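Taken in sequence, the protein lines are chains Z and G. Take the first sequence: its position 15, counting from 1, is numbered 23 in the working numbering, and each next residue is one higher. Take the second sequence: its position 207, counting from 1, is numbered 228 in the working numbering, and each next residue is one higher.
Hints are not guaranteed to be accurate.
A partial selection of chain Z residues facing chain G, derived with a Cβ cut-off under 10 angstroms [what the hints assert, rightly or not]: (1) Leu11; (2) Thr90; (3) Gln97.
I should point out that these hints are in silico values taken from the structure, not numbers from a laboratory. Remember, it's a predicted structure, so these values are computed and weren't measured experimentally. Where is the CB? At the ideal position from N, CA and C, for every residue including glycine.
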Amino acid sequence: MVLTGTVLLNECQKRLIILWSYRFNFMLETFMIGFLFVGISFFVSGGRPAPEQMAPALLGYLTWFFAVFAISDMSQGIREETQTGTLEQMYMSPLPSGLLLAGRSVASLLISSGMVILIGGILMLLLGIRIPVRLAGVPVFALTLAGLYGFAFFMGGATLVFKQVNALSNLLTNMLLFLNGSFLTVERMPGWLETFARSLPSTQGIDVLRRVVLEDMSLTGVWQDGSLVWLTVHTAVFLLAGWGVFLWGERVARRRGLLGQY
Amino acid sequence: MKAAIEIESLSKTFRSRGGNEIEAVSRLDLTVEPGQVFGFLGSNGAGKTTTLKMACGLVMPTTGTVRLNGFDVGRQRGRAMRQIGAVLEGTRNVYWRMNAWQNLLYFGRIKGISSSRSLKTRAEQLLRELDLWERRKDPVGEFSRGMQQKVAIAAALIADPPIVLLDEPVLGLDVQASRTVQDWIVELAKERGKTVVLTTHQLDMAENLCDRVAIMSRGRLLAHRPTGELLDLFRREFYQLRLRGVDAAEKGGAFPGFTASQENGHTVLSGEVGDDLSVFELVERARLAGMDLISVSPAEPNLEEIFVELIERAEETVGQNGNLERDGAGRPAGVEIRG
Numbered sequence: 009m010v011l012t013g014t015v016l017l018n019e020c021q022k023r024l025i026i027l028w029s030y031r032f033n034f035m036l037e038t039f040m041i042g043f044l045f046v047g048i049s050f051f052v053s054g055g056r057p058a059p060e061q062m063a064p065a066l067l068g069y070l071t072w073f074f075a076v077f078a079i080s081d082m083s084q085g086i087r088e089e090t091q092t093g094t095l096e097q098m099y100m101s102p103l104p105s106g107l108l109l110a111g112r113s114v115a116s117l118l119i120s121s122g123m124v125i126l127i128g129g130i131l132m133l134l135l136g137i138r139i140p141v142r143l144a145g146v147p148v149f150a151l152t153l154a155g156l157y158g159f160a161f162f163m164g165g166a167t168l169v170f171k172q173v174n175a176l177s178n179l180l181t182n183m184l185l186f187l188n189g190s191f192l193t194v195e196r197m198p199g200w201l202e203t204f205a206r207s208l209p210s211t212q213g214i215d216v217l218r219r220v221v222l223e224d225m226s227l228t229g230v231w232q233d234g235s236l237v238w239l240t241v242h243t244a245v246f247l248l249a250g251w252g253v254f255l256w257g258e259r260v261a262r263r264r265g266l267l268g269q270y
Numbered sequence: 022m023k024a025a026i027e028i029e030s031l032s033k034t035f036r037s038r039g040g041n042e043i044e045a046v047s048r049l050d051l052t053v054e055p056g057q058v059f060g061f062l063g064s065n066g067a068g069k070t071t072t073l074k075m076a077c078g079l080v081m082p083t084t085g086t087v088r089l090n091g092f093d094v095g096r097q098r099g100r101a102m103r104q105i106g107a108v109l110e111g112t113r114n115v116y117w118r119m120n121a122w123q124n125l126l127y128f129g130r131i132k133g134i135s136s137s138r139s140l141k142t143r144a145e146q147l148l149r150e151l152d153l154w155e156r157r158k159d160p161v162g163e164f165s166r167g168m169q170q171k172v173a174i175a176a177a178l179i180a181d182p183p184i185v186l187l188d189e190p191v192l193g194l195d196v197q198a199s200r201t202v203q204d205w206i207v208e209l210a211k212e213r214g215k216t217v218v219l220t221t222h223q224l225d226m227a228e229n230l231c232d233r234v235a236i237m238s239r240g241r242l243l244a245h246r247p248t249g250e251l252l253d254l255f256r257r258e259f260y261q262l263r264l265r266g267v268d269a270a271e272k273g274g275a276f277p278g279f280t281a282s283q284e285n286g287h288t289v290l291s292g293e294v295g296d297d298l299s300v301f302e303l304v305e306r307a308r309l310a311g312m313d314l315i316s317v318s319p320a321e322p323n324l325e326e327i328f329v330e331l332i333e334r335a336e337e338t339v340g341q342n343g344n345l346e347r348d349g350a351g352r353p354a355g356v357e358i359r360g
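Use the sequences and the hints to build the structure in full.
As C-alpha cells, then:
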C-alpha cells in the first residue's frame, strides 16, 4: 500500500514538474480547448447556443478531454520516453511494470481532473452552464474513465511496438470528439455510423452520464433499461483488451529490443 | 565467491523487416567477478549493447541466461534489477526538464527506495561527490554534456547497486569530464567494491581502467581475459632501434622486415625479432652495419593493436553468410583467445 502510494505520488510529482516547465504551452492549450468548445457550440447551434443545450455538450466535451489526455499520455508520452531513454530506465525498476503503469495512469487521471475542473469551471461561469453534482454520476463516470484508460493502454501497447502511431492517435481523438455524442446526437447519425460511434470508448458512458446527471435518472433506471449494463460490458472489454494489448506490446518490445529504439 | 555477472549460452537473434535473421549475440558465456572493472570491446554492431541490455532485462534473450549476483534476470526480475544501475548510450537516461535533485529522487523511488530520509541523504552524497550540489536546482537540460552524464550516472547509482553497467560512459565528453568519469569508475570498483561493466570504443581508456576485457565481433566472443594477460599474450619480440641521423634508414637493409621512421632528427627502426636472433645479436648486427646506435628498446603492444589484429583475424574467417565460421566446438574458428 505504501509502495503504491509512493509510486503514485512520484508519478504525480514528475508530471506536475514537467507540466510546469511547459506552463506557457499549457496555458495556451487550455485556452484553445475552452475556445474550441465555444466555437463548436456556436457552429452546431446555428449561432444561438442556449445554456440548457450546452450542458450535455459540455459534459461530453469534458469527458473527451480526459480521453485526449489519457491517449496522449500513453502514446505520445511513451514515444517521447522511448526517445529519451527514460522508458528503459523505468523498465529497469525492480517494481512491477504494471504498478508503474498504474501509477502513471492515476497520475494522468488526477492531473487531467484538475484541468477539467479548471476548464469546465471557467466555461460554466462564462457561459452560464449548470451541471448538477449527483452522486449517482460517480460510478458511471468511473466506468467511462476506466473504458477510456483501457483504450489508452491499447494505444500505449501499440506505441511500444509500432512507435509511429501519432497520426492514428490524433485521428482517433478527433474522431472521438465528433462521434461520442458530445455535439451531435448519436441517434441522428446514419445506422452504420451510429453502430460505429457506439462502439467507441466514451460514447456509451457519455450517454448514461447525461441521463443520470442531467435527466436525474437513478442508477436502477439506467440498469433496467440496459444502458448501464452495456456500459459495464463495454468498459470491461476495453479495459481487458487494452491491458492485454499493453502486455503484448511490452513482450514484443522486449523481444525485438524496441524499448529504447525509436 | 559468487560471480557478480554470469552469462550462460546467451544468444539473441533479431529478425529484420525483410525477414532475415540477424544474430546479434551468439552463444556467449562469460563471468564477471565482483569488484572488477570489466570492458566490453568491439566494433559497432558487435553485440556489446545488446548483451548489456539483456543483462538489464530490456531485451529478451533468444536463448541462455544472465544472472546478477545469482538472480536470474528472466525469472527473478525484481531481485535481479536491485543489483544493477545502468547508463545506456545514445539517450538522455534522465528527465532534462527536471533538475538534478528531482531526477535523483524520482529514480530513487522507482528503484524501490521507500525511506524519504535515506533517499535524500544518498542523493545529496552523490551530487556532492560529482560536484553537482551547487547546481542541483537547475534543469538538467541546461547542463553541459559532461554534467548531464554525471547526473545519469548518479541516477544509476541512487539505489547503491552492487553492479553498474555503463554503455559508452565517456562518449562525447570533453577531456576533463571524461577524466572525472574515469576516476569515478576506478573509485567505484576499487574503493567501494562495485562491479563496473563498461562498453567503449576508447581502447586506451579500457586498457587503463579495465581489470578484464572481452572482445566481441559479430556477436561472438573473440577474447576474454585479464587485460594484462591479454597484453602479455600479444607481447612479441618486438624492438625499436634508435639511430643517430636521419639518413640511417638507408642502412636498414641489415634488418629485413623492419620499418624506418624519423623522429626528432633520429631514425627509428621497428620490427619483430624472430627466434633466431637475440637482442645481443641485434646490437652486434647494428654495429657491423656501422650504425650509430643510441638505444634499443622493446615495443609494448597496446590494446588497440590487439583489438585490430583480432578483429582482422575474425573478419578473415567470416563465411559467405556473414557470420563467423566456427570450429568443431562451435567457437569462432582461428581467432578465439579466452581465459
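Hints versus structure:
With a least beta-carbon distance of about 7 angstroms to chain G, the hint placing Leu11 (chain Z) at the interface is held under the 10 angstroms criterion. The beta carbon of Thr90 (chain Z) comes within 9 angstroms of a beta carbon in chain G, closer than 10 angstroms, and the hint placing it at the interface holds. The beta carbon of Gln97 (chain Z) is positioned within 10 angstroms of a beta carbon in chain G (closest approach about 6 angstroms), and the interface hint is therefore held.
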